[in-house]
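Protein chains in written order, with full-length UniProt numbering: chain B, 1 to 379; chain Y, 1 to 379; chain C, 1 to 379.
Hint data in this document are derived by calculation from the structure and do not stem from the laboratory.
Facing chain Y, a subset of chain B residues (Cβ under 7 Å, in silico): (1) PHE229; (2) ASP231; (3) ALA293.
From the three backbone atoms N, C-alpha and C, an ideal C-beta is built for every residue, glycine too.
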Amino acid sequence: MSAVREALDSVRLVDHHCHGTVTADLGREAFESLITEGQAWPGVSPFDSPVGVAVRRHCAPLLGLPRHAPPAQYLARRSELGWREVQRRFLRATGTDVFCVDTGYVPGQITTPGDIAEAAGGTAYEVVRLEGVAESVGTAGVEADAYADAFRTAALEAVRRPGVVAVKSVAAYRTGFCLDPARPSDAEVTEAARHWLVRGGRLDDPVLVRHLLWTAVDLGLPLQLHTGFGDDDIRLHRADPALLTDWLHLTAGTIPVLLLHCWPYQRQAAYLAAVFQQVYLDVGLTLHYVGPARAGAVLAEALEITPFRKLLYSSDAYGVPEFHHLGALAFRQGLAGLLQERVDADELALPDALRIARWAGRDNALRVYRLQTDGQEDD
Amino acid sequence: MSAVREALDSVRLVDHHCHGTVTADLGREAFESLITEGQAWPGVSPFDSPVGVAVRRHCAPLLGLPRHAPPAQYLARRSELGWREVQRRFLRATGTDVFCVDTGYVPGQITTPGDIAEAAGGTAYEVVRLEGVAESVGTAGVEADAYADAFRTAALEAVRRPGVVAVKSVAAYRTGFCLDPARPSDAEVTEAARHWLVRGGRLDDPVLVRHLLWTAVDLGLPLQLHTGFGDDDIRLHRADPALLTDWLHLTAGTIPVLLLHCWPYQRQAAYLAAVFQQVYLDVGLTLHYVGPARAGAVLAEALEITPFRKLLYSSDAYGVPEFHHLGALAFRQGLAGLLQERVDADELALPDALRIARWAGRDNALRVYRLQTDGQEDD
Amino acid sequence: MSAVREALDSVRLVDHHCHGTVTADLGREAFESLITEGQAWPGVSPFDSPVGVAVRRHCAPLLGLPRHAPPAQYLARRSELGWREVQRRFLRATGTDVFCVDTGYVPGQITTPGDIAEAAGGTAYEVVRLEGVAESVGTAGVEADAYADAFRTAALEAVRRPGVVAVKSVAAYRTGFCLDPARPSDAEVTEAARHWLVRGGRLDDPVLVRHLLWTAVDLGLPLQLHTGFGDDDIRLHRADPALLTDWLHLTAGTIPVLLLHCWPYQRQAAYLAAVFQQVYLDVGLTLHYVGPARAGAVLAEALEITPFRKLLYSSDAYGVPEFHHLGALAFRQGLAGLLQERVDADELALPDALRIARWAGRDNALRVYRLQTDGQEDD
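Produce the complete structure using the sequences and hints provided.
See below:
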């Protein structure tokens with residue numbers, strides 16, 4: 001094992017953006033629907049995809065199975081162990097100290113930040129999804145001209161709860177980033193709220209989405225932004241983070257902005273991280289979907305011009321703890337591979353490689369979120 | 001030779017999208033103009049490009065010349081053998097069982113599907129280019145309010161001919177994909193047809209292009225869509241397949257949609273194939289233009305998240321049979337290289353690699369186009 | 001050392017687009033602000049980035065320091081030697097015969113083309129930045145209806161000065177390329193000038209930017225166009241060179257157009273170079289920012305379909321001569337690496353590799369700019 005890999009394997013990660021996992025034993029259909037951003041279509045098993053191959057290769061051994069175990073065997077063994085034990089094994093294997101958990105996407109019963117912390121033997125913080133807060137305000141009932149205040153109040157309450165370290169927006173899913181970057185006026189917000197409150201449903205009005213992003217600025221916490229790929233609800237070309245440039249100019253000097261996922265726009269995200277002080281990026285979600293076989297290639301693009309203080313680690317795992325494990329593994333393996341290659345070519349000094357590994361895996365997140373840890377310290 | 005390469009070399013390919021070749025002996029100028037998406041400019045020989053290098057390296061030996069033979073020698077030998085023998089050699093060398101031939105682009109005299117089948121010792125099916133059908137209807141003369149019916153009738157007649165397995169659209173060349181995704185109303189179509197029928201020329205009215213795409217849905221056959229690069233008639237940024245997302249939502253559950261070429265948007269195409277049941281992709285055209293030296297790199301991006309049931313092989317060869325050969329070779333070499341690398345790194349089990357190779361090279365196409373073959377069966 | 005690398009190392013380069021360097025000794029802050037397209041932010045040293053690592057690795061030895069010397073040591077040694085000696089060492093190390101120097105970006109005191117030529121022991125030509133010419137005309141005072149003539153006259157005067165070989169536009173920074181491609185009418189230009197001359201400031205009116213690009217066509221010299229990334233003043237998605245397609249159609253048969261930088265749109269630029277006779281590209285700026293560790297990967301994408309007569313070398317170095325050195329080094333190392341790899345795989349014949357290396361490093365630029373040299377001749 002290379003020196004860099006060894007060092008990266010010993011870094012206690014900060015997973016600055018992830019989700020809970022389903023609190024139930026999963027049949028084949030349920031499991032398959034959780035390991036794809038699409039669905040389990042007839043004749044096209046999600047196991048027959050890069051992430052499926054990665055699950056069989058890298059997750060099976062943690063269940064006591066041979067590498068590349070077939071899906072049926074994998075799922076049988078998974079059921080035999082039960083979801084709690086499966087979760088425990090995968091979360092422990094990640095070597096993660098700190099999880100920042102987005103608690104805003106809960107279509108079914110999933111684990112809480114507390115559950116994750118306990119299972120992993122780490123600490124969990126919470127990330128508040130602002131669209132969820134806004135929609136709760138709408139559902140609870142409010143006059144259009146009181147919406148802005150009510151949303152702000154609710155958001156402030158949400159972020160003041162203990163353990164909340166950041167907010168998140170899924171504007172990419174709602175309108176994309178081709179938005180007027182300016183803060184909307186009170187009158188504009190009231191008018192937009194009037195229509196939305198009647199119409200109901202999810203917050204997808206462009207004025208209200210802009211207002212939400214500006215409210216995030218007022219809250220003062222780091223803002224996580226979904227960018228790039230996701231499920232079929234995304235319009236990929238409108239989730240290109242470069243479209244945020246005008247807004248980033250207007251909000252310079254305020255809050256840190258963390259570009260999540262980014263693929264296939266990791267170079268565009270790198271550009272923003274290189275020229276805007278407040279911008280950071282990760283390639284979470286991508287790491288497990290492309291698998292360890294390609295994580296290094298994607299990381300290499302993401303790092304082409306990114307300052308080493310600006311890359312963070314996240315798994316963006318959701319639904320199954322296999323993804324927490326694969327994310328961590330693909331990150332360690334991919335980053336170590338590219339750093340070691342540079343060390344071997346004498347393009348990078350080993351101490352610098354070790355520093356970069358530790359920054360990306362841990363210290364950059366500790367710094368952005370101002371987290372204290374008992375263990376390894378930021379240097 | 002690696003195990004995967006050996007296996008891939010023995011797969012009888014299905015080339016699900018290609019064209020005929022010129023039925024004449026070619027002088028230097030004519031040949032050069034056929035091996036570039038640009039033209040043969042003074043002082044810039046198409047031989048001095050990635051595809052030109054690949055022709056000299058990989059095609060010369062099939063004409064009995066040394067590898068890397070100079071262009072003059074290559075062309076002299078080609079003339080000596082005559083176009084029929086040259087075609088026979090290259091088509092046989094592809095190891096292709098089935099060709100789906102787009103018969104809609106015929107600026108000069110080229111081989112028919114029957115000619116291709118005979119020369120290659122395989123089977124050929126036909127792909128109907130819908131713009132050609134629409135333009136024939138226009139040229140034949142029709143009232144504006146009868147255009148929609150006349151086009152539909154002509155298209156139905158065209159696809160009911162024996163051997164037709166798919167339709168194709170070059171909407172990417174005409175308007176690009178920044179289109180209103182909705183089916184246009186009868187009144188809109190009539191109004192648009194009124195102007196187009198007077199103006200004449202190629203079908204490039206946005207309403208009529210939308211109508212054409214929706215007519216494809218009604219026809220019920222798989223639809224091949226040119227996406228990404230081509231000649232200078234393309235506006236590349238409007239040929240990004242991600243722009244089709246809204247239309248794919250509206251047409252979900254209807255026909256298979258096959259994204260052709262895709263480069264440089266192969267990752268965007270992969271996203272669509274991963275989240276839409278009906279979407280498939282290939283990197284035809286790209287394979288021979290980038291050549292075997294880069295085909296593996298492009299395939300690796302195309303496969304980052306693509307389900308293995310969703311990648312197809314096509315050469316998109318046009319004009320010279322060298323491109324059928326180069327496409328097949330670059331596909332086999334590129335895909336084998338990346339799969340073998342993963343097998344060697346124990347990221348992929350060998351039987352899975354062999355299955356993926358066979359699916360992409362053959363079985364996926366057989367399934368999408370519902371083709372029967374006497375030889376190797378889909379499993 | 002590989003045969004291709006050896007050959008490339010001996011090519012006397014033509015750096016077809018670069019800038020001068022600061023004529024002063026630099027403290028840490030000043031130096032750091034010059035080695036990033038962002039700024040030196042608290043806690044995020046530009047040394048902790050790919051380019052910073054490359055400076056320490058590849059520049060330190062030329063100052064007599066060990067590879068990977070720490071920043072403080074590097075800067076101390078740099079000051080000790082003085083900026084003139086530092087410049088001399090780095091410029092000599094580039095092995096550059098000819099520099100085409102953009103003299104239009106001069107926020108502070110920087111070296112002139114003459115200074116560069118002398119320090120490097122080569123020849124320097126001048127590239128006239130047209131926005132600067134237009135802004136001088138505006139500042140000098142002119143009636144709106146005389147603006148077009150005054151600008152043309154000033155531009156003609158500027159390009160008739162001895163040593164001027166090209167013009168350049170930074171339209172990418174001003175409006176981006178989502179412009180009406182047509183030549184604006186006199187009335188439109190007058191109307192736009194009326195507003196701009198009152199408003200003052202930089203030339204960022206879309207009509208006047210279009211007019212500037214068309215004036216470049218009239219001047220008849222090669223036009224260098226900034227595309228792709230730069231500082232935070234860019235809107236990256238509007239600097240995609242594919243957006244120039246309509247304008248390239250309208251201006252076909254007139255002047256050569258040189259797409260500079262291009263990253264992350266190097267594939268889009270390659271497409272344009274493949275289908276438009278007048279289009280050329282480089283990956284300057286990118287080369288030193290990604291560093292030798294990734295220059296090969298970026299060049300490989302840039303060359304996927306680019307005719308070998310269409311790739312040029314530039315450093316786009318600005319401010320510090322380290323960038324001239326890193327650009328040349330990353331180009332030689334990156335291009336040699338990818339060509340040698342193809343030679344080793346027998347995908348490319350060695351004589352062809354040597355020819356491509358020489359064309360890209362030198363001959364293509366000599367031809368486009370019609371330069372005479374005493375030394376090695378174009379073949």
